[in-house]
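S.K.: Sequence:
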Amino acid sequence: LRDTDGDGDGDSPLRGVEIFLLDRNSIVVDRTTTDENGYYEFNDLPPAEYSVVETQPTFNGFPFVSVSDKDGPSNSLDRIDNIDLLSGDSLDNDFVEKLDSESPTVG
1 LRDTDGDGDG
11 DSPLRGVEIF
21 LLDRNSIVVD
31 RTTTDENGYY
41 EFNDLPPAEY
51 SVVETQPTFN
61 GFPFVSVSDK
71 DGPSNSLDRI
81 DNIDLLSGDS
91 LDNDFVEKLD
101 SESPTVG
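If you count by the UniProt record's numbering, then the sequence shown holds residues 1 to 107, one letter each, in order.
Just so you know, the hints here were simulated from the structure itself, not pulled from any lab data.
There could be a bad hint or two in this list.
Stated by the list, open to error - Label-pair distances were calculated between CB atoms; the ranges are: (1) GLN56 - GLY88: 17 to 25 Å; (2) ASP89 - ARG31: 14 to 22 Å; (3) PRO13 - ASN43: 28 to 36 Å; (4) ASN82 - GLN56: 18 to 26 Å.
Every residue gets a Cβ at the ideal spot worked out from N, C-alpha and C, and that includes glycine.
Between the sequences and the hints, there should be enough to build the whole structure, so can you do that?
M.R.: What follows is the structure, encoded as structure tokens:
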């Protein structure tokens, strides 16, 4: 991932985020959790159409806001749809998050 928000700060991957793989009928066929590098994978899948869904993460109790993905169709920002997997394919689909712009207040 690159610094797409243009703030010059290094963007850290999110570890421990639960990811679900759904078939074309929205039935969960597999699930995994991102590793320390934010990486996840599903192996030995038959050719089919899939969706990938993330569990929206939080940071120190504050929610992240999803950032849209310009190169993938999505019906919500936590779901990537219409992933056509063909025999022998290896595909990359990523989720990008940022902290909500509202700062918490104490008082």
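S.K.: For each hint, tell me whether it holds in the structure or not.
M.R.: Cross-check of the supplied hints:
GLN56 and GLY88 have their C-beta atoms about 32 Å apart, which leaves the hinted 17 to 25 Å range violated. Between ASP89 and ARG31 the C-beta distance comes to about 20 Å, which sits within the given range of 14 to 22 Å. At about 20 Å, the CB distance of PRO13 to ASN43 disagrees with the hint of 28 to 36 Å. Our hint of 18 to 26 Å for ASN82 and GLN56 holds, since their Cβ atoms are close to 21 Å apart.
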